[in-house]
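In case you want the letters, here they are:
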Amino acid sequence: MKDFVQFVFNGLSLGSIYALLALGFVVIFKATEVVNFAHGSILALGAYAISRFSFNSHIEFYLAVLLGVAIAALLAFVIERGLVRTMAGRSVIAVSIMTIGVDLIVRTETTRRIGVDVLTLGDPWRDGIVHVAGLTVPTARVWAIVTALVILAAFFAWFKFSSFGVAMRASAEDSETASLMGIRMGRISAVAWVLAGALAAVAGVFLTAFPSAGLDASTGDVALRAFPAAILGGLDSTGGAVVGGLIIGVAEVLTAGYQSDLTVLGRGFDQVMPYVVMVAVLLVRPTGLFGTREATRV
Amino acid sequence: MSGAASHPTLAVSGITVRFAGLTALDDVSFEVEPGTVHALIGPNGAGKSTMFNVLSGVYRPVAGSVSFGGVELVGLPPHAIAGLGVARTFQNIALFPAATVEENLMLGRHHLTRAGFIGAGLRLPFAIREDRRHRARVTEIAEFLGIGGLLQLPAGDLSYGDQKRVEMARALCVEPAILLLDEPVAGMDAAETGQVATAIRDIREGLGISILLVEHDMGLVMGIADRVTVLDFGRRIADGAPARVRSDPEVIRAYLGTGHNGAAAPAATPPSASSPPPVPSPADASPAWAWNENEEPPS
Amino acid sequence: MSEVAVSSLESAAGAAVAGGRGRSGRRTLVARVGVVVLVALVPLALGTIDTEGQDFWLQAGVFAFAAMIAALGLTLLVGGAGQLSLAHSFFVAIGAYAYTYLSSATRGTGTTIASSIQGGFGLPTPVAMVGAVLIAGLAGLLFSPISSRLRGIYLGVASLGLVFVGLHVAFNAQKVSGGFNGRDVPDFNLLGFAFDTSPLSVLGVGFTRNSKLWYLGLACVVLAYVYYVNVLEGRPGRALRCLRDSEVAASVLGVNVVRYKAYAFTLSSMYAGLGGVILALAYHHIVPDTFGLGLTVSFLAMIVIGGLGSPGGALVGALFVTALPLLLAKYSDSLPFLAPTGSGGVTAAVAAQFIYGAAVILLLVFEPGGVAALARRVPRLASRLRRSPHSSTQKEAA
Chain F
1 MKDFVQFVFN GLSLGSIYAL LALGFVVIFK ATEVVNFAHG SILALGAYAI
51 SRFSFNSHIE FYLAVLLGVA IAALLAFVIE RGLVRTMAGR SVIAVSIMTI
101 GVDLIVRTET TRRIGVDVLT LGDPWRDGIV HVAGLTVPTA RVWAIVTALV
151 ILAAFFAWFK FSSFGVAMRA SAEDSETASL MGIRMGRISA VAWVLAGALA
201 AVAGVFLTAF PSAGLDASTG DVALRAFPAA ILGGLDSTGG AVVGGLIIGV
251 AEVLTAGYQS DLTVLGRGFD QVMPYVVMVA VLLVRPTGLF GTREATRV
Chain B
1 MSGAASHPTL AVSGITVRFA GLTALDDVSF EVEPGTVHAL IGPNGAGKST
51 MFNVLSGVYR PVAGSVSFGG VELVGLPPHA IAGLGVARTF QNIALFPAAT
101 VEENLMLGRH HLTRAGFIGA GLRLPFAIRE DRRHRARVTE IAEFLGIGGL
151 LQLPAGDLSY GDQKRVEMAR ALCVEPAILL LDEPVAGMDA AETGQVATAI
201 RDIREGLGIS ILLVEHDMGL VMGIADRVTV LDFGRRIADG APARVRSDPE
251 VIRAYLGTGH NGAAAPAATP PSASSPPPVP SPADASPAWA WNENEEPPS
Chain C
1 MSEVAVSSLE SAAGAAVAGG RGRSGRRTLV ARVGVVVLVA LVPLALGTID
51 TEGQDFWLQA GVFAFAAMIA ALGLTLLVGG AGQLSLAHSF FVAIGAYAYT
101 YLSSATRGTG TTIASSIQGG FGLPTPVAMV GAVLIAGLAG LLFSPISSRL
151 RGIYLGVASL GLVFVGLHVA FNAQKVSGGF NGRDVPDFNL LGFAFDTSPL
201 SVLGVGFTRN SKLWYLGLAC VVLAYVYYVN VLEGRPGRAL RCLRDSEVAA
251 SVLGVNVVRY KAYAFTLSSM YAGLGGVILA LAYHHIVPDT FGLGLTVSFL
301 AMIVIGGLGS PGGALVGALF VTALPLLLAK YSDSLPFLAP TGSGGVTAAV
351 AAQFIYGAAV ILLLVFEPGG VAALARRVPR LASRLRRSPH SSTQKEAA
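Line order of the protein sequences matches chains F, B and C.
Heads up: the first sequence begins at 1 in this note's numbering, then just goes up one per residue.
Heads up: the second sequence begins at 1 in this note's numbering, then just goes up one per residue.
Heads up: the third sequence begins at 1 in this note's numbering, then just goes up one per residue.
Chain F with its partners taken away, still in its complex shape:
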C-alpha cells in the first residue's frame, strides 16, 4: 500500500510534466487545428540550449532556463510565422505532416550535437530528496509539481478572464465568425505556438532533472508520450490535457513499479503503457474524455 501511494505520487509528478506538454499540443490544436509533431524537438532544442548556457557559458541556471525557454518559443514562433501561416487554408493533415519535416531537421541537428553524451542542465536540485508524509520524493519533482501548478493556474486564469483567452476560445469554436468579429486569428495562432514552445522547454527542464539521468538524444521522444495524454483528454480540451497528462504519468509509473508482477507483458512495458491507455480510451470515446464530439455540418 505504501508502495502504491508512492507510485501514485511519483506518477502525478511525472504527469504534471506531461500535462505541460499536452497543454502545448492542445493550445496549438485549438488555435490552428494542427497537431504539432515538432513538439519533441522543440523540447530537446530548448533543453539543449539551457544545458549549453549553464555549462559552456556559465550562466546562472535560472537565467539559462529563461534563455532556453525563449529559444524554444522563438523556434515555435518561426515555425508558425514562416511555415504554418504560409500554408493557411490547406488541409490540416498537410500542415501536420509539414511539422514532421520540421521535427526531422531540428531533431537530427540536436541529436547530432548531443551525440552519445548525457547532458545535465545544471539545475540546483541535483539528486536531492525530500521526505513528505512518509513518501520519498526527488526535490526536482517537487519543483515540477509546484511549477506546473503555478503555470497551469496562471494559464487557466488567463484563458478564462483575459480578452485574449476569450478570443482564443471563440476562434476555436468558429474561426470564421471569430475573424468576422474582429478577432485577429494571426495573433492568436502566433501566441499559441509561442506558449506551447515555452511550455515544452519548461517541461524539458524537469524531464531531464533527477531522477532522469539527463538530456540525451532520446529525450525528445519522451514528448511523444504527451501525445497520448493530449489525445485521451481530448485534443481540443485544455482541462483534458491536464487530466490526460496525470493519467498517463500515473499509469506509466504504476506499470514500471509493478513490473515484477507484470513480467508477462515483457520488460519496459511502462514505455508502452501510455499508448495502451490511449487506445483503450479511444475505443470508448473517439474524441477523448473531454473532447467535443464533432457536430456534423452539412
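Simulated from the structure, these hints should not be mistaken for lab results.
Mixed in with the good hints, there may be bad ones.
[To be verified] Here's a subset of chain C near chain B, in silico, CB distances under 7 Å, partners left out:
| hint | residue |
| --- | --- |
| 1 | D184 |
| 2 | Y225 |
| 3 | Y227 |
| 4 | N230 |
| 5 | R235 |
| 6 | R238 |
| 7 | A239 |
| 8 | S246 |
| 9 | V248 |
| 10 | S251 |
| 11 | G254 |
Just so it is clear, CB atoms sit at the ideal spot from N, CA and C, and this is done for glycine as well.
Since the structure of chain F is provided, determine the placement of chains B and C on it from the hints.
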C-alpha cells in the same frame, strides 16, 4: 423503372431535434404521397435543412419516426437510407470539383454496383461489364437533365447552375424512390430556374419519383408543388395545398415577421408569400404553366 | 486488330475510366511499360558498367522496391482516403516478421538456452509471403474499431501508439522475432527457383542474390502499382475519394463510411506487409530497431515528396528517400561538406535527414502536388518553349 404506384409513402411523424438545448424541430409531422412534389418552406432557421438531415440519416432526432414504405428510417445510417431509395442534394454543392461530371454521377451508382477491392482491383470481367453498363445509364440520366454534353468536364469548372443540375443528376443516379432537393434554384437566374422547374416536373412525370423540396423561391414552390408544409421556428404551422397555405394567416405572419427583421430577409424571398400573386388555377390542377408568367424574378 | 479497335471504341464511348485508358492513356501505358523494361535491364547493364559496385546498386534497388510498395499503401490511405497513419512501420514490421516466422523452420531446440529458440512454421516461402500480407491486413482490420471511427488527424496520433507497441513486442517476443539481436530471413524460393546466393547464369550473364531479388521486387512493384490504379479508378476508389472530401456527402450517396475507412486502412496495411516481406529479404536479417518511428517518418516523407495520393509520385518519393542516404554515404569521400561517419559532424546520414526534411517542408509549402505536380509542369514548360521558335532552336543547338 417502376411506376408511381409502387413508390412508397414517406411518413414523418412527431420529429423533434434539439441542439444544445435549442429545439430545432418540434414535433413535426407530414406525409409525402407517392409521385407528388411536396415543398417544405419557411423562413431561415425554420428547421428545413435540419429536417433533410434527419430524413437522410445525418442527424438523429430525439423523438419521432420517419417511415418510408413501412420501413423505419430513424436510427439507420445514411448509407442504408440511400440504399432504400432516398436520395438528396445539398444546399451547398457537395461535388468533387476535380473529378469529371461522369465520375461524380458514377458515385451515385455506388449502392447499385458491386465491384469491390477484388473485382475492381483485378479488373475482373464482371466489374468491367458492370462499369460499362452503369456508365451507359449515367449518360442516359445526364441527357435526361440536359447535361449530357458536360460529362467529361471537371465538375469544378462548371457554372453554378450546371453544378446544381449535376448534383440533382447524381441524386437521380441513386435511382431513388424519393428525391430530397435542398434549395435547387438558390442563386439561379430566371432562365436557370425555369430549367430546373422543368426538370423537376419531368422527373415526377417521367420517372414517377416523389420529390420533397426545400426552397425559398415561392414562385417555384407555388408553381410546381402539389402540397406545401410550412415550418417556423421548428414547428409546423401549416400544411396543405399551395393556395390554401398561401392564404393561411399564420403563414403570412411568419413571413412578414421575419421579412422585417433585417438579417433573415435577404436570403429568403418572402414578399411573394405576403403579397400573393394572382393564381389563375386552383393548386390541385397542374399549375405547371402558371408560375413563370406570374412570378417576377427577384432581381 | 479490329477487336482492338472495337474495344477502344467502346472504351471511348464509355469514356473509359478517369485517368484515361483512351488514346492518351495508351501512350502513358507504353511509357510505363518502357520504364519497367528499362528497370528490368538495369542489373544486366550494371554487370558491364560497374562490376565492383554492382551489388551495392542492386541492394539499394531492392530496398527502394520494398519502400515503393509500402509507400503506395500509405499514399492510398493518406492521399486517397484522407486518413493519416503513423503506424505504417508497424505494419511493415508485421509483414517482415510474419514472413520470417512462417517460412523459418523451428531451430535451436537442441540448445539449452531458452532465449535462443526461434519458432517457425517452415512453410514454403511463397505461401509465407501471401500469409504475411494477409496477416498484416488482419492486423490492420483489427485496428479498425479505431481506424474507422477516428477522423484524419486523431487517427494519426492514435496510430503512433502501434509503432511503440510493435517495437515492444518485437523486443520481447524472442521466439518470433529473435529479440534485440533479430533473426535471419529465409531466402525466397519460387517453385524451385531460389532467390539466394547460389550462382545462376542465364545466357552467360551471372545473377547474384540481389539481382534475383531485383526482379522479385520489380514484379511486386508492378503488381502493386497496377492494382492501386485499378482500385482507385474503380468503384472503391470513387467511394474513398468522396469520403475524403466529405464524409456526409459520401454516406448519403450510399457509401458505408465506417466500413470504407476500415477497408482503406486494411488495404494500406497489406501494402505495408508486402513491402515488409521484400524489405526483410533485402536485409537478410531483421532487427526490431529497423521498424521504429524513423521508418514511419520516412514513408511520410516519400508520399509527400511524391505528392499525396499520386501512385507514380509514391514510387519516385520512395526511390528518392531510400537512395539519397545510400548515395551520400557512398560518395561521402568526394563530397567536401560531409564529415566521416562517427565524427559527430554532418555525416552522410545526417545530411540525408536534412535534405529530405527540407524537401518535405518545401514541397508542402510551395508545391503540395509534390514531384507528381512538378512532373506535370515539365511538358507544359516544354511546349511553351517549343511554341517560341527562337528558344527552341537555341535548345536544339545546345
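Now the hints, each set against the structure:
no.: 1; hint: D184; verdict: 33 Å, violated
no.: 2; hint: Y225; verdict: 12 Å, violated
no.: 3; hint: Y227; verdict: 5 Å, holds
no.: 4; hint: N230; verdict: 5 Å, holds
no.: 5; hint: R235; verdict: 5 Å, holds
no.: 6; hint: R238; verdict: 5 Å, holds
no.: 7; hint: A239; verdict: 6 Å, holds
no.: 8; hint: S246; verdict: 5 Å, holds
no.: 9; hint: V248; verdict: 6 Å, holds
no.: 10; hint: S251; verdict: 4 Å, holds
no.: 11; hint: G254; verdict: 3 Å, holds
Hints 1, 2 from the list above are not met by this structure, while the remaining hints are.
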